[in-house]
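Asker: Using the hints, position chain R against chain L.
Protein chains in written order, with our numbering: chain L, 1 to 772; chain R, 1 to 261.
Source of the hints: derived by calculation from the structure; they are not laboratory data. Don't take every hint at face value.
In the DSS-like style, the derived pairs of lysine-lysine whose C-alpha atoms are separated by at most 27 angstroms in a straight line are [claimed, not checked]:
1) R:Lys-198 - L:Lys-687
2) R:Lys-198 - L:Lys-478
3) R:Lys-204 - L:Lys-687
Keep in mind that this is a model prediction, so the values were computed, not measured.
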Amino acid sequence: MIKNSIYFIFIFLLFFDTARAQQQNTINGFIRDAKTGEDLVGATVSIKELSGKGAATNAYGFYSLTLPAGTYELSAQYTGYKPHVEIVKLDQSLKLNFSLQEQAAELDEVVITSTRKDENVTKTQMGLQKFDPKEIKSIPVLFGEKDVLKTIQLLPGIKSAGEGSSGFNVRGGASDQNLILLDEATVYNASHLMGFFSVFNSDAIKDIAVYKGNEPAEYGGRLSSVLDVKMNDGNDKKFGVNGGIGLISSRLTIEGPIIKDRGSFIISARRTYADMFLKLSMDTTLNQAKLYFYDLNAKVNYRINDKNRIFISGYFGKDVLGLGNTFGINWGNGTGTLRWNHLFSDRLFSNTSLIFSNYDYKINVNMGSEMNIISRIQDYALKQDFQLYARSNSTLKFGFTSVYHKIIPGAITASENTSMKSLTNKYAWENSFYISHQYSLSNKISFDYGLRLSIFSLLGPGSFYSYNTEGNTTDTAKYSSGQFVKTYTNIEPRATFNYVINPQSSVKASYARNVQNLHLLSNSTSGNPTDLWIPSSNNVKPEIADQVSLGYYRNFLDNKYEFSIEAYYKDFQNQIDYKNGAELNFNDNVESQILFGDGRAYGLELFLKKKYGRFNGWISYTLSRTERKFNEINNGNYFPAKQDRTHDISIVGIYELSKRWTLSATWVYNTGNAVTFPTGKYEIDGKTMFYYSDRNANRMPAYHRLDIGATWIKKKTDKFESDWTFSLYNAYGHDNPYSITFRDSESDPTKTEAVQTTLFKFVPSFTYNFKF
Amino acid sequence: MKKYRIIIFIAIILSICFSSCQKVIDLELNTSSSQIVIQGNIYDQTGPYTVKISKSVNFDESNVYPAVIGAMVVISDNAGNSDTLTETSSGIYTTSVLQGVPGRTYTLTVKTDGQTYTASATLPDAVEINSIYMEKSRFGNDEQVTIDFTDPANVDNYYRLIEFINNIQQDQFYATSDKLYEGEKISYSFMSQDSDSKLETGDKVTIWLECVDKFVYEYFRTAGSEGGQSASPANPTSNISNGALGYFNACSVRAISIIAK
Numbered sequence: 001m002i003k004n005s006i007y008f009i010f011i012f013l014l015f016f017d018t019a020r021a022q023q024q025n026t027i028n029g030f031i032r033d034a035k036t037g038e039d040l041v042g043a044t045v046s047i048k049e050l051s052g053k054g055a056a057t058n059a060y061g062f063y064s065l066t067l068p069a070g071t072y073e074l075s076a077q078y079t080g081y082k083p084h085v086e087i088v089k090l091d092q093s094l095k096l097n098f099s100l101q102e103q104a105a106e107l108d109e110v111v112i113t114s115t116r117k118d119e120n121v122t123k124t125q126m127g128l129q130k131f132d133p134k135e136i137k138s139i140p141v142l143f144g145e146k147d148v149l150k151t152i153q154l155l156p157g158i159k160s161a162g163e164g165s166s167g168f169n170v171r172g173g174a175s176d177q178n179l180i181l182l183d184e185a186t187v188y189n190a191s192h193l194m195g196f197f198s199v200f201n202s203d204a205i206k207d208i209a210v211y212k213g214n215e216p217a218e219y220g221g222r223l224s225s226v227l228d229v230k231m232n233d234g235n236d237k238k239f240g241v242n243g244g245i246g247l248i249s250s251r252l253t254i255e256g257p258i259i260k261d262r263g264s265f266i267i268s269a270r271r272t273y274a275d276m277f278l279k280l281s282m283d284t285t286l287n288q289a290k291l292y293f294y295d296l297n298a299k300v301n302y303r304i305n306d307k308n309r310i311f312i313s314g315y316f317g318k319d320v321l322g323l324g325n326t327f328g329i330n331w332g333n334g335t336g337t338l339r340w341n342h343l344f345s346d347r348l349f350s351n352t353s354l355i356f357s358n359y360d361y362k363i364n365v366n367m368g369s370e371m372n373i374i375s376r377i378q379d380y381a382l383k384q385d386f387q388l389y390a391r392s393n394s395t396l397k398f399g400f401t402s403v404y405h406k407i408i409p410g411a412i413t414a415s416e417n418t419s420m421k422s423l424t425n426k427y428a429w430e431n432s433f434y435i436s437h438q439y440s441l442s443n444k445i446s447f448d449y450g451l452r453l454s455i456f457s458l459l460g461p462g463s464f465y466s467y468n469t470e471g472n473t474t475d476t477a478k479y480s481s482g483q484f485v486k487t488y489t490n491i492e493p494r495a496t497f498n499y500v501i502n503p504q505s506s507v508k509a510s511y512a513r514n515v516q517n518l519h520l521l522s523n524s525t526s527g528n529p530t531d532l533w534i535p536s537s538n539n540v541k542p543e544i545a546d547q548v549s550l551g552y553y554r555n556f557l558d559n560k561y562e563f564s565i566e567a568y569y570k571d572f573q574n575q576i577d578y579k580n581g582a583e584l585n586f587n588d589n590v591e592s593q594i595l596f597g598d599g600r601a602y603g604l605e606l607f608l609k610k611k612y613g614r615f616n617g618w619i620s621y622t623l624s625r626t627e628r629k630f631n632e633i634n635n636g637n638y639f640p641a642k643q644d645r646t647h648d649i650s651i652v653g654i655y656e657l658s659k660r661w662t663l664s665a666t667w668v669y670n671t672g673n674a675v676t677f678p679t680g681k682y683e684i685d686g687k688t689m690f691y692y693s694d695r696n697a698n699r700m701p702a703y704h705r706l707d708i709g710a711t712w713i714k715k716k717t718d719k720f721e722s723d724w725t726f727s728l729y730n731a732y733g734h735d736n737p738y739s740i741t742f743r744d745s746e747s748d749p750t751k752t753e754a755v756q757t758t759l760f761k762f763v764p765s766f767t768y769n770f771k772f
Numbered sequence: 001m002k003k004y005r006i007i008i009f010i011a012i013i014l015s016i017c018f019s020s021c022q023k024v025i026d027l028e029l030n031t032s033s034s035q036i037v038i039q040g041n042i043y044d045q046t047g048p049y050t051v052k053i054s055k056s057v058n059f060d061e062s063n064v065y066p067a068v069i070g071a072m073v074v075i076s077d078n079a080g081n082s083d084t085l086t087e088t089s090s091g092i093y094t095t096s097v098l099q100g101v102p103g104r105t106y107t108l109t110v111k112t113d114g115q116t117y118t119a120s121a122t123l124p125d126a127v128e129i130n131s132i133y134m135e136k137s138r139f140g141n142d143e144q145v146t147i148d149f150t151d152p153a154n155v156d157n158y159y160r161l162i163e164f165i166n167n168i169q170q171d172q173f174y175a176t177s178d179k180l181y182e183g184e185k186i187s188y189s190f191m192s193q194d195s196d197s198k199l200e201t202g203d204k205v206t207i208w209l210e211c212v213d214k215f216v217y218e219y220f221r222t223a224g225s226e227g228g229q230s231a232s233p234a235n236p237t238s239n240i241s242n243g244a245l246g247y248f249n250a251c252s253v254r255a256i257s258i259i260a261k
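Okay, chain L solo, but in the shape it has when bound:
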């Protein structure tokens, strides 16, 4: 019933729209950075004569506006850039490209005005956080490597899974419930060195958007969030080099035109050398150790003509950990995207992408005889997106994605004969179709609503098992290559509604359903590179989440301050947990080790940001609860999920002391993760055993930390810029627990004791950055 009425409204609005779209002219084009030629994503064009109407550029810097004939004053705007005004006489359809000049960093007064500063109020989308990597340059981070993934964790509703942990949690979601996209390709493991760095090299990144569960229908496949990262296209005006030399890592970026104003390239690389210090160690185990990562981003693009443009982009990264020649493990992602932008008409924009993604790890053991274990997940995808700019108040987006997943859970190669058998490979085909409509009914009311249809099929070949509750195989079905083993079809409705109360404030409401068909099995506290992805199957049902949220947005003092409060409630189905003592490593029957249950999460997110001025920054606070329910755990009662955090606070402050010095600080505080501590002890064969009762009934101590940073601009001319950044992580040296373990007391063997491990206290770093 609800479904039918959604269809009805949808069709009605479309007709309504086209019926009125008579005798209109279209103006379209691109908005770019005047200096580098980079497309500006999410830049706006507003019309002086028609307040409230306008357009925003898409992911490729393209906008299209359809208006009645007339003369208009158009203004193109983008945060941090000087607005550009054009007066156009629109008596026929025309093309108009804007080149915006970056705002020089003026110290004395706030000059960054007349951009759409009230975007958070007027834009329909909610639960969205966006920023430009340039904004985060001065935020202090561990080892001085500015990191977008760390910075988003300072925003409300997005929480770090903990120090030394690769994941992050969005609104009660698990860390595998985040869709991480790099130029549309899925990144299956976004961390380097167990999460101390992310795979995103800030120098290579143009734009980041995080959707906290109410993403538009064009995204799908994960329950809790989408992190959409876009790489820089490269400067198409002139060659440039920038880089940084730091204590444990260095980076270098080269970019330039292939053909001036038509095509450009960018190559960006990083390498850490933490293990150089290990070589100095006297310990013979340690000085043989290998520990580093490197990564490479590359992209080229070429504008064939006004209507066609091609992009090729790729990422490759590898982490290496090893001990002499005895043991080694390496892991990493590789992605590749080939894109073709095409304008079918001045109102119909199309993008076609061929996408490849690979994540693998390889373990090498050499103890007399050599053995390798390789595990891999690969995606081959075709994605087609259309954007139809029907009218200035109506945009239709539709398209499809078809992905072929290939999962190699564990393949063994050995120099000697071994009876260890490789695990069965898994194949799946995931198709999704979407349509969504952005529509402004009036200056005050706007909608963004749509539907996504996802069809996930598990394919043969292979043997597929059924299990009883004890985890024993009850039935085996054999399928040949390409046969459909199991297909799940789901409809995911999404809708957001915005009501602008006045130019300073608005309320928004949204509902979204998300479905997830790939699941990460991980039963360690921190997440390991060897955690295994499994597809939905005859035993594993798709995970489903429904989220409703409501928000109030208010800007103060000429939009200098931005405030928002959002509340959400989320219901989870078919969540995954593990049987006691589950064997997840190298097990062909891993699906027999899993438990299925439900969950719920709700919370309140407050955000106050000072956007401009010598002093800027934000305060974010989240009050939330996240619970899970499994028949087999805690007698079927709700229990707190590991990532349940009652309070989570982040404060970020950046102060421009002088033209040369910028100071910054961040402070974070959060309730400790929910954990299971022993409630008793007993003895087996002389060993003290700990007795556990309720799951996650305890808390880690609260986590808090202050980081401080400073940037000193050494030289800044048009030809050459250089600066030094200094940071001190955990500046007051708080002992934040990484883990708490229990053992017989070392001082008094008749007792037991709890031992806390702390990772980082006072980590200083400095980096020299240059650009020419």
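Answerer: Leaving out everything else, chain R in the frame of chain L:
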């Protein structure tokens, strides 16, 4: 094939590299009611065999576990034999006539405080140890003890291994199966866990190789992987009914010793 533990290794490397520090902390822990703990072994060697019954205590108490006295303990087998155990010292119950025979299934019944606990275990055929030797550890410079044995083909085997140093049982649980090594020669190494268990010249190291049934293997596998980095530590999966902690094991056992040089 050798056993290796990737995750532990990664954790060790990382914890060393990032200058972690450890300290003992005071922690308010929840308490629980006292739980019954049963531990019994039947071997393919001449008896008597014992069953130990005790209770759990709260975390902040001393490591003294109250014995359960006056329980009614019976072990029977599927060949029609039954033995009522006598309490030879407090909490220790001993058989008088029962004999462990491969292929037989043994059933333990414990009655105490109005509750009944039962468990069954099948005694598998023995697997002989081929050799024991010392070799340099691949991780670091310590000497480690390794035993070789040949897994019988075409039958699922589960093993529990116990290490004794100078006749003192080491408190680490080792369990393995032939799932990945069906019919292969298996080399099993015992890495020293900490400085206390480092071998010195003249130390006598004895290894027991127990062939156990699947459920006993599950107990020791889960007991051995408990705690540490697990996101959800839990009690080992016991083969005893009614929520008792511990295990009831019927196994064939072979032992071998070496003097450390």
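Asker: Each hint needs a verdict: does it hold in this structure or not?
Answerer: Results for each hint:
1. R:Lys-198 - L:Lys-687: holds (18 angstroms)
2. R:Lys-198 - L:Lys-478: violated (51 angstroms)
3. R:Lys-204 - L:Lys-687: holds (21 angstroms)
Checked against the numbered hints given earlier, this structure breaks only hint 2.
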